[in-house]
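Student: Letter by letter, the chains look like this.
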Amino acid sequence: MLNVADILETIGMIREENLDIRTITMGISLLDCVSEDANRLCDKVYDKITKTAEKLVDTGVSIEREYGIPIVNKRVSVTPVSLVGGAISPEGYLKLAHTLQRAAKTLGINFIGGYSALVHKGMTVGDRNLISVIPEALAETENVCSSVNVASTKAGINMDAIRLMGSTIKRAAYLTRDNNSIGCAKLVVFANVPEDNPFMAGAFHGVGEPDSVINVGVSGPGVVAAAIRRAGDCDLSKLADVIKTTAFKITRVGQLVASEAAKRLGAPFGIIDLSLAPTPAIGDSVARILEEMGLEVCGSHGTTAALAMLNDAVKKGGVMASSHVGGLSGAFIPVSEDEGMIAAVNQGALSIEKLEAMTAVCSVGLDMIAVPGDTTEEVICGIIADEISIGVANTKTTAVRLIPAYGKTVGESVSFGGLLGTAPIMPLRTYSPAKFISRGGRIPAPIHSLKN
Amino acid sequence: MKAVITVTGKDAVGIIAGVSTFCAEHSANITEITQSVLSEYFAMIMIAEIDKLTIPFADFADKLATMGKAKGLDMRAMHEDIFNTMHHI
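Chains as they are written, first to last, in our numbering: chain A, 986 to 1437; chain B, 925 to 1013.
Any given hint could be a false lead.
To be verified - Only some residues are given here: those of chain A computed to face chain B with a beta carbon under 7 Å:
1) V989
2) V1227
3) K1229
4) I1337
Said to hold, decoys possible - Computed list of chain A residues with no C-beta within reach of chain B, every gap over 10 Å:
5) D991
6) S1047
7) G1053
8) V1057
9) D1145
10) D1226
11) Q1240
12) L1241
13) G1268
14) E1363
15) G1403
Keep in mind the hints are simulated off the structure, nothing from the lab. Here the structure is a predicted model, which is why all the values come from computation and not from measurement. Heads up, the beta-carbon is just placed ideally off N, CA and C, and yes, glycines get one too.
Go ahead and model the full structure; you've got the sequences and the hints to work with.
Tutor: Structural data, given as structure tokens:
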């Protein structure tokens, strides 16, 4: 039986607190498209994606209209293309990027993920060919997202791959220099990458997945912040309960949308990703939740503890609300995409070192952080290696999406518009890790990876 | 199948009549109605059966929202399941 308070609470969440479903992402396997001929591969990939996801956008819009809940993004993730393009040349991979772009336009989706390689233990010729053209692919396409997994707790850290990604990121920044180095905003370097993540830019369709699958990412930082505000001066045990209850409600909506979308699209339901995903809009910020918890500003001492508690409570509340939880599942702290984070950086309260510490207790990593354009490849590699180590040592996902904004320096900012937001250029330590990085090889897997 | 229709905004003459007429025109059968006016703020909730709706429910919801906008009110028609799943285990 519905009661008035419950109905008004739901309406309030949608209308005033920015409750939405952040993304319905359809995962599509491309394993049946394999060909050593690039043209044939591209044709098969285009046909497979546009046929499988033909009704994705329409279905998302119908669910949105019938249930009255905004569904912000409809997206597609595909099998990491290095697994289907092992026999093609770098030019072939570039053609494949344009094919994915064309498919995205045909479907009317805003991102397609899976221009990816998994190289945590080593690189195949196909992986190398793909990575060699990632900067061009990101510069020449608009909606294609790329990711490279360079480490796992089981395999250790592939430092050769990290070295390669340092130069790849710099080149992507240069090739998109006329557009604030936006290429880098579509490229993520991962450790322990999840295979069912619905969020971009790191989404791809894992090899253990079915032919197609529906994964849903929920959101709702504004709803959590408002609930904490209403809870007033309670202690942290009570506050954790408030967050859990709120996360439960948010996730239930995600589960409803996911099962409805899966049913209508004839694809199995995969997972709900229990993430608090911010946007640059006022009232949709994870930083503001932490401040609502009692910090003067995000980045102050105490931030890591508050974030750890928030992250844990969101998972505990969400896990019972969904039949399958997966993906990244945790609070996101992308600087440019979070109004409160931007403000904290601008007032000098939030540094990259604090952000790094925060990533030890939440998903995902150093995300959407703009750094000076003259940052050396070695320093970028050092940042990646540090962040990736946190993931490997803690058996969790971590990632780096860094934008060395070409021609810009501290004091300036880069604006990407839309969900990608605006990033103030953050200062870095410029001392060189060059010798450490140039050693190459693999950092061995940590002892606690030996669990069998 | 049931829909929850909510109307919120500044009180005015004829709000309920307008929404009821709209429902009748599209064969939505109102089964429950509750409303309150707090100072000048109006809040109404209707439960309506929509099995015999003459247009697709998504269109019905869009038209209602448009009608609300014209009157300066927030009018929504939403499938009841969103409330059931969020508030009941």
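Student: Work down the list of hints and note, for each, if the structure agrees.
Tutor: Taking the hints in turn, this is what the structure says about them:
1. At about 6 Å, the closest approach between the beta carbon of V989(A) and any beta carbon in chain B falls short of 7 Å, and the interface hint on this residue holds.
2. Contact between V1227(A) and chain B, as hinted, is not supported at the beta carbon level, the nearest pair being about 16 Å apart and thus beyond 7 Å.
3. For K1229(A), the shortest C-beta to C-beta distance to chain B is roughly 13 Å, which exceeds 7 Å, and the interface hint is violated.
4. The beta carbon of I1337(A) is not positioned within 7 Å of any beta carbon in chain B (closest approach about 38 Å), and the interface hint is therefore violated.
5. Annotated as non-interface, D991(A) brings its C-beta within 10 Å of a C-beta of chain B; the closest such distance is 4 Å.
6. Once the 10 Å rule is applied to beta carbons, S1047(A) is inconsistent with being away from chain B; the minimum gap is 6 Å.
7. In this structure G1053(A) is not separated from chain B by more than 10 Å, as the shortest Cβ-Cβ distance comes to only about 3 Å.
8. Against the 10 Å criterion, V1057(A) stays outside the reach of chain B, whose nearest CB is about 16 Å from its own CB.
9. Once the 10 Å rule is applied to beta carbons, D1145(A) is consistent with being away from chain B; the minimum gap is 48 Å.
10. No Cβ of chain B comes within 10 Å of the Cβ of D1226(A); the nearest lies about 16 Å off, and the non-interface call holds.
11. At roughly 7 Å, the least C-beta separation between Q1240(A) and chain B is not larger than 10 Å, which violates its mark as non-interface.
12. At roughly 5 Å from the closest C-beta of chain B, the C-beta of L1241(A) falls inside 10 Å, breaking its exclusion from the interface.
13. For G1268(A), the condition that its CB be more than 10 Å from all CB atoms of chain B holds, with the nearest at approximately 17 Å.
14. Distance check for E1363(A) against chain B: the nearest CB is about 50 Å away, which clears 10 Å, and the non-interface claim stands.
15. The claim that G1403(A) lies off the interface holds: its Cβ sits roughly 24 Å from the closest Cβ of chain B, which is beyond the 10 Å cut-off.
Checked against the numbered hints above, the structure breaks hints 2, 3, 4, 5, 6, 7, 11 and 12 and satisfies the rest.
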